[in-house]
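Numbering of the sequence shown is given in the working numbering, commencing with residue 5 and proceeding in unit increments.
Hints are supplied without guarantee of correctness; some may be wrong.
[As the list claims (entries may be wrong)] Capping the alpha-carbon separation at 27 Å, the derived lysine-lysine pairs in DSS-like fashion look like this: (1) Lys-55 - Lys-120; (2) Lys-38 - Lys-106; (3) Lys-61 - Lys-106; (4) Lys-120 - Lys-86; (5) Lys-120 - Lys-74; (6) Lys-61 - Lys-74; (7) Lys-120 - Lys-38; (8) Lys-86 - Lys-61; (9) Lys-61 - Lys-38; (10) Lys-106 - Lys-88; (11) Lys-86 - Lys-55; (12) Lys-74 - Lys-86; (13) Lys-106 - Lys-86; (14) Lys-106 - Lys-74; (15) Lys-61 - Lys-120.
[Unchecked claim] Simulated DEER-style distance windows between Cβ atoms: (16) Thr-8 - Thr-121: 53 to 59 Å; (17) Asn-119 - Glu-75: 18 to 24 Å; (18) Arg-54 - Arg-110: 19 to 25 Å; (19) Ser-102 - Asn-81: 22 to 28 Å; (20) Gln-112 - Val-9: 57 to 63 Å; (21) Leu-128 - Arg-96: 38 to 44 Å; (22) Ile-94 - His-17: 45 to 51 Å; (23) Gly-114 - Glu-12: 44 to 50 Å; (24) His-17 - Leu-40: 20 to 26 Å; (25) Glu-75 - Pro-15: 46 to 52 Å; (26) Asp-111 - Val-9: 54 to 60 Å; (27) Glu-133 - Asp-36: 24 to 30 Å; (28) Ser-13 - Asn-76: 48 to 54 Å; (29) Leu-73 - His-122: 14 to 20 Å.
The hints are simulated quantities; they were obtained by calculation from the structure and are not laboratory data.
Using N, Cα and C, we set each Cβ at its ideal position, and we do this for glycine too.
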Amino acid sequence: DSFTVTEESVPAHYIMVDGLGVGDVGEIVLRDRKVLAQEGMVVIIATIDRKAGRIIKNPDIISRGFIYLKENQELLNEIRTKIKLIVNRIPRHQPMDSDYLKTLFRDQIGQFLYNKTHRRPMVLPVVIEI
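Could you put together the complete structure from these sequences and hints?
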């Protein structure tokens, strides 16, 4: 066995390994992972009365890699208040559309968090209709 060192280069690219797959990680997955690593995420769990179109209980909020919620109760309360305002702005005669509500939460809470912290965590809304 022998080898020779030359000045030639070989074209090569990064290969991403994801679990069992090699090289099959898409751009969207990579972008999401980058956002999660840099900005963190906030999960909003809202339980909604489908008929009344109103929040049944205080929304649960989970933060990972964004802020430590136990030390930021004021921000946590502001997020909950904002969620309630978003739901209450929807006319009562209009049927509750959970996909539309998730979009509102994602956009408006995301903007609210950016205005407060100058960070853009991934906002993952979960709407439970009862």
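How the hints compare with the structure:
1. Lys-55 - Lys-120: Since the Cα atoms of Lys-55 and Lys-120 sit roughly 33 Å apart, the hinted pair is violated (cutoff 27 Å).
2. Lys-38 - Lys-106: Holds, at about 22 Å.
3. Lys-61 - Lys-106: 17 Å, holds
4. Lys-120 - Lys-86: It holds: about 13 Å lies between the C-alpha atoms, which stays within 27 Å.
5. Lys-120 - Lys-74: Cα-Cα ~17 Å, so holds.
6. Lys-61 - Lys-74: 20 Å, holds
7. Lys-120 - Lys-38: Status holds; Cα separation ~21 Å.
8. Lys-86 - Lys-61: This hinted pair holds, its Cα atoms lying about 14 Å apart.
9. Lys-61 - Lys-38: 33 Å, violated
10. Lys-106 - Lys-88: Measuring from Cα to Cα gives roughly 13 Å; hence the hint holds.
11. Lys-86 - Lys-55: 21 Å, holds
12. Lys-74 - Lys-86: It holds: about 19 Å lies between the C-alpha atoms, which stays within 27 Å.
13. Lys-106 - Lys-86: Measuring from Cα to Cα gives roughly 13 Å; hence the hint holds.
14. Lys-106 - Lys-74: 25 Å, holds
15. Lys-61 - Lys-120: Within the cut-off at roughly 25 Å; holds.
16. Thr-8 - Thr-121: 53 to 59 Å: Since the Cβ atoms of Thr-8 and Thr-121 sit about 56 Å apart, the hinted range of 53 to 59 Å holds.
17. Asn-119 - Glu-75: 18 to 24 Å: Given about 20 Å between the Cβ atoms, the range holds.
18. Arg-54 - Arg-110: 19 to 25 Å: For Arg-110 against Arg-54, whose Cβ atoms are near 20 Å apart, the range 19 to 25 Å holds.
19. Ser-102 - Asn-81: 22 to 28 Å: 24 Å, holds
20. Gln-112 - Val-9: 57 to 63 Å: 59 Å, holds
21. Leu-128 - Arg-96: 38 to 44 Å: The hint (38 to 44 Å, Cβ to Cβ) is violated, given that Leu-128 and Arg-96 are roughly 27 Å apart.
22. Ile-94 - His-17: 45 to 51 Å: 48 Å, holds
23. Gly-114 - Glu-12: 44 to 50 Å: 49 Å, holds
24. His-17 - Leu-40: 20 to 26 Å: Given a distance of about 24 Å, which is inside 20 to 26 Å, the answer is holds.
25. Glu-75 - Pro-15: 46 to 52 Å: Because 50 Å falls inside the window, the suggested range holds.
26. Asp-111 - Val-9: 54 to 60 Å: 56 Å, holds
27. Glu-133 - Asp-36: 24 to 30 Å: Hint holds: Cβ distance 26 Å, inside 24 to 30 Å.
28. Ser-13 - Asn-76: 48 to 54 Å: 51 Å, holds
29. Leu-73 - His-122: 14 to 20 Å: 18 Å, holds
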